[in-house]
Amino acid sequence: MYKTVVLLTDFGIKDHYVGVVKGKILQELNRKGVNITSLQFIDLCHEIPPQDVKQASLMLFFSYRYFPEGTVFLCVVDPGVGTERKALVVKTDKYFFVGPDNGIFSLIYQTEKCIPYEIEVSKVLRPPYSKTFHGRDLFAPVVSFLLAEEPLESFSQKISMDTLVKLEFKPPQKTEKGLKLAIWYVDQFGNLITNFSQELLKAKNKPFKILVNHREVPLVKTYGGAKKGELVALFGSEGLLEIAINQGSAKEVLGEPEIEIIFENEGV
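End of the sequence shown = 335 in our numbering, gap-free, step of one.
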């Protein structure tokens, strides 16, 4: 059976940590006698800013639905490593998510039917192990259990969704004439990705304009639809409104600007 493991961490790529986690998964599968010839690792990202659980949650949300059914997502951005925070397997109709209970799966909870399991640490950790590297010593073995199709109940117990840590991702804030937006994410090109979606726009079904620092900017269909250096707005690949500068960085030029949507006849 073809199997995929997707890794999302803040480990970076200078150190040995990512490679060791993959090696540990393979070692555990080999110990179990599982055929690994069809196993594939995909590095979603290892450059999440250290301990930035919220950015990791967004990147996972932007990405997970593009992977084949049965994919296991190993997500380790874990500032609480070694503490009493829970360790999780979250099962959905198509995927498994493995990682700490610190809100990293918050947006998955909002969009998928989830069944959470708390990993029984005593059934997974084998000495010698480190309290500071659960990616290797706790979560990697759990991934191997899932790939080997071991019953979840053999190493974890089902828990209530109400017990899980959830991060808050605020929707656009209502104003007298429209909406005030928040910047959810800044990509490496300096594009400012907001919390305003095309679905919200369709629901409103009103003419509108986009203001950045109180100045109107044009809405274009693609980056190339603007002149070099022009400030524009567009709906990007995630269906969210972006503020961008063609062949430039909106982040460098604007920092954290005020972004508003003004609807025609709103509040009248």
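The reader is advised that the hints may include incorrect statements.
[Said to hold, decoys possible] Straight-line alpha carbon distances no greater than 25 Å define the calculated BS3-like cross-link-like pairs of lysine-lysine that follow:
1) 99 with 190
2) 91 with 233
3) 153 with 225
4) 247 with 233
5) 121 with 180
6) 121 with 241
7) 198 with 225
8) 241 with 198
9) 89 with 70
10) 288 with 273
11) 295 with 318
12) 198 with 91
13) 121 with 198
14) 318 with 288
15) 237 with 269
16) 198 with 153
17) 318 with 247
18) 269 with 244
19) 161 with 89
20) 161 with 247
21) 295 with 237
22) 89 with 99
23) 241 with 190
24) 237 with 190
25) 244 with 273
26) 121 with 158
27) 121 with 247
28) 89 with 198
29) 247 with 225
30) 161 with 233
31) 233 with 276
32) 180 with 153
33) 153 with 276
34) 180 with 158
35) 276 with 237
36) 180 with 91
37) 233 with 158
38) 81 with 161
To be clear, the hints were calculated from the coordinates, so they are not data collected in a lab. It should be emphasised that the depicted structure is a prediction, and the values quoted were computed from it without experimental measurement.
Outcome of the hint check:
1. 99 with 190: At roughly 16 Å apart (the allowed maximum being 25 Å), residue 190 and residue 99 satisfy the hint.
2. 91 with 233: Given that 25 Å is the threshold and the Cα spacing comes to 29 Å, the pair is violated.
3. 153 with 225: With Cα atoms ~12 Å apart, residue 153 and residue 225 stay inside 25 Å; holds.
4. 247 with 233: holds, 23 Å
5. 121 with 180: Holds - the C-alpha atoms of residue 180 and residue 121 are around 21 Å apart, at most 25 Å.
6. 121 with 241: With a Cα-Cα distance of about 23 Å, the restraint between residue 121 and residue 241 holds, given a limit of 25 Å.
7. 198 with 225: holds, 24 Å
8. 241 with 198: It is violated: about 45 Å lies between the C-alpha atoms, which goes past 25 Å.
9. 89 with 70: holds, 14 Å
10. 288 with 273: With a Cα-Cα distance of about 18 Å, the restraint between residue 288 and residue 273 holds, given a limit of 25 Å.
11. 295 with 318: The hint holds at about 16 Å.
12. 198 with 91: It holds: about 16 Å lies between the C-alpha atoms, which stays within 25 Å.
13. 121 with 198: OK: residue 121 and residue 198 at ~23 Å, within 25 Å.
14. 318 with 288: holds, 20 Å
15. 237 with 269: holds, 19 Å
16. 198 with 153: holds, 14 Å
17. 318 with 247: Holds. Residue 318 to residue 247 sits at ~18 Å (cutoff 25 Å).
18. 269 with 244: Given that 25 Å is the threshold and the Cα spacing comes to 17 Å, the pair holds.
19. 161 with 89: holds, 22 Å
20. 161 with 247: violated, 35 Å
21. 295 with 237: violated, 33 Å
22. 89 with 99: Answer holds: residue 89 to residue 99 is near 16 Å, not above 25 Å.
23. 241 with 190: This hinted pair is violated, its Cα atoms lying about 49 Å apart.
24. 237 with 190: violated, 38 Å
25. 244 with 273: Holds, at roughly 12 Å.
26. 121 with 158: Distance of about 20 Å is within 25 Å: holds.
27. 121 with 247: holds, 20 Å
28. 89 with 198: Holds. Residue 89 to residue 198 sits at ~18 Å (cutoff 25 Å).
29. 247 with 225: Violated: residue 247 and residue 225 sit about 40 Å apart, past 25 Å.
30. 161 with 233: Distance of about 21 Å is within 25 Å: holds.
31. 233 with 276: Roughly 33 Å separates the two Cα atoms, so the pair is violated.
32. 180 with 153: holds, 20 Å
33. 153 with 276: Violated - the C-alpha atoms of residue 276 and residue 153 are around 45 Å apart, more than 25 Å.
34. 180 with 158: holds, 8 Å
35. 276 with 237: holds, 21 Å
36. 180 with 91: violated, 30 Å
37. 233 with 158: holds, 16 Å
38. 81 with 161: The hint is violated at about 33 Å.
Going through the hint list in order, the structure does not satisfy hints 2, 8, 20, 21, 23, 24, 29, 31, 33, 36 and 38.
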